[in-house]
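Student: Listed below are the residues making up each chain.
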Amino acid sequence: MKNVKFGISAIAAALALAGCGQSGGGGSEVKIGHVGPLTGGIAHLGKDNENGARLAIEEANAAKTKIDGKEVKFVLVAEDDQADPKVGTTVAQKLVDAKVSGVVGHLNSGTSIPASPIYNGAGIPVISGSATNPKLTEQGFKTQFRVVGRDDQQGPAIASYLATNNKPQTVAVIDDATAYGEGIANEVEKTLKAAKINVLPREKGTDKTTDWKAVLTKLRGRNPDAVFYGGMDATGGPLLKQGRELGIKAVFSFGDGACTDKMKELAGDAAEGLLCSQAGIPVEAADKKFLDAYKKKFNADPILYSPFTYDAANMLIQAMQKANSSDPKKYLPELQKLDFKGATGKIAFDGKGDRKDAEMTIFTMKGGKLLPVAVITGGKSQSFDDFVKGMK
Amino acid sequence: MDTFLQQLVNGLTAGSVYAVVALGYTMVYGIIQLINFAHGEVVMIGAMVAFTVINLLAPTGLPPLAIVLIGAGCAVPVCMLVGYGMERLAYRPLRHAPRLAPLITAIGVSIILQHVALMIWSRNILAFPQIIPSRTYFIGGAAITSVQIAILAICLTLMAGLALLVYRTPLGTAMRATAQNPQVAGLMGIDINRVIAVTFIIGAGLGAVAGVLFGTYYGLAQYTMGSVLGLKAFSAAVLGGIGNIPGAMLGGVLLGLVEALGAGYIGDFTDLCQWGLPLAACEGGGHFILFGSNYQDVFAFIVLILVLVFRPQGLLGERVGDRA
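Residue numbers (the numbering used here), protein chains in the order written: chain W, 35 to 426; chain C, 86 to 409.
Be aware that one or more of the hints could be misleading.
[What the hints assert, rightly or not] With the Cβ distance kept under 7 Å, some of the chain C side facing chain W (calculated, not the full set):
hint, residue
1, T88
2, A99
3, H200
4, A212
5, Q215
6, T221
7, A228
8, T230
9, G304
10, H372
11, I374
12, G377
13, S378
14, N379
[As the list claims (entries may be wrong)] Which chain C residues face chain W? A few, computed with CB under 7 Å, are given here:
hint, residue
15, Q91
16, N95
17, S207
18, I210
19, Y303
It is worth saying that the hints were derived from the structure and are not from the lab. Built from N, CA and C at the ideal position, the CB exists for glycine as well.
The shape of chain W in the complex, shown without the other chains (with noise of 0.2 Å):
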């Protein structure tokens, strides 16, 4: 019987390009974890997020870090979540059982949330590195971080633009009636009267509401100098169209739900001069080496969110480092307390494991696309430009 053993550890160990894998009494391979839908309509993200990951990993390998005084392998383990919440559990248990030392992932909310406790469970610490939700980090899970904001942080910074820079006497709020379009209208409208801005009283619409004649109508008789609207850009897109249709001049502000390009193709040439806010920062604004070194592995800019996944193994590997151990359980405390610069500024963490004062961009609609105006971190504003030269 021992030698059938024997005899399958070895057809394994030769088939495993890293053949050492078994030996050298642990620590001289090290398994992180990287999961996103590398399948389905957001696969380029997928991709996107993982190669992040992976820059980090073979710059650490390349650079020959040492834990503990020897040098170790990374070996980055890609999984495909199909952004589908059910496979993004399966997907994290198999990661369990492959050993990982920590995860970098998932990229939606919506896998992040099922898969932490599994993660929890057995002790990996995961970072995510695009997932906004609160939720996530609510669930008291010890071993849950994300390096990017949430998206209650996303309210109070598009309320404080507004505020700060438009000045408006009255603002008109409106919603979609869903839990994201909810939480985000009431985060505005919290920190518009904290700045002593007349608010009226709450408008709501649906989530499918294509027709909002009715609602801006009443609005228009109230004549709010700024309008805010929690919801999609399915939603939003016809909003900011109807609302100037009805010779609404106010300015229109959306959370990202309705920060994208589709608002352009929703709203015509309505959506010009329309602001909005996102959670993290463009990727020309992170680390010039980072920009460099990306498109030079992989001959392709970064698209939305790689500079989060790339800090995000970093700091898994410093991490471990700090700690000497690649054991989850020793390296984990260490991660907790890290203090660390990386692409997408300084990165440290509060008790939950959210980001401390987490980047939010407010953006511009200006010619057909949306332009970064600036960058709000811990409430304070700075111009975009100003920001891209401090990260310089």
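Position chain C relative to chain W; hints supplied.
Tutor: Just chain C now, kept in the frame of chain W:
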């Protein structure tokens, strides 16, 4: 006052589109007592076909109006074909079956059409290319866009044209005769199969135009857009008296107005603070709104229920005996 006037303009525009869709329901019901639940999907397919054609032609540099007209010109025959196809394949074989069978078939056809559209045009929301420059005019404080004016004009023309067809032509006479009594109409030498098919085709053609108007007005199309639009138009047809052509027109416009005014004012009327209730939320000029404007879509169905309770034959309908 200009708010009220504006709500009237909004309601009239939406209402006239409902009216054109409602005609499709009411014509078919009038002639074979079938509620063609797939009619909303015909409207959707009209919008989708126009979307594809307009998208293809938009970069060619043709005048925008010509592109939209070609789009509508392609949507109408496609929808007519769909209308004829469903009558021929799904309803004609069931003409003498119990009433429930074609009704359930209609629901089935509706689901099939929706999923065919899903396969062709994806589940995404399609942004209608906005090539027609929309100009806004102000009349007495109410804004009305050139697109809205065009919608009102087209809908009125279609309704007038249909009324002429039904009340002033031999075909219209044949349609009314078939509606009154198919057997006797058949004995008088009317080819009732042909008349019924033509009714479906005309209804589908009207639906196609409504779909194109809806798409250009709101700037979007999606494979699910037909279901709510269809239900509202059906409510409009019942409101006016199903089977009654002027009734569908009146019902559509009324429904549009009820919706616009309802959504515009319900928030104010259900704001508990203005009634002087001692609520915590009211302090310092706060508001406690019981029903917001998100209840807009509910009005169509409240109206439907009220009509069914108090005047089952509809506003212009006559009480008729069961003719089956």
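Student: Now, for every hint given, state plainly whether the structure supports it.
Tutor: Status of the hints after comparison with the structure:
| no. | hint | result |
| --- | --- | --- |
| 1 | T88 | 4 Å, holds |
| 2 | A99 | 6 Å, holds |
| 3 | H200 | 18 Å, violated |
| 4 | A212 | 3 Å, holds |
| 5 | Q215 | 4 Å, holds |
| 6 | T221 | 6 Å, holds |
| 7 | A228 | 5 Å, holds |
| 8 | T230 | 5 Å, holds |
| 9 | G304 | 6 Å, holds |
| 10 | H372 | 4 Å, holds |
| 11 | I374 | 6 Å, holds |
| 12 | G377 | 4 Å, holds |
| 13 | S378 | 5 Å, holds |
| 14 | N379 | 4 Å, holds |
| 15 | Q91 | 4 Å, holds |
| 16 | N95 | 4 Å, holds |
| 17 | S207 | 9 Å, violated |
| 18 | I210 | 4 Å, holds |
| 19 | Y303 | 5 Å, holds |
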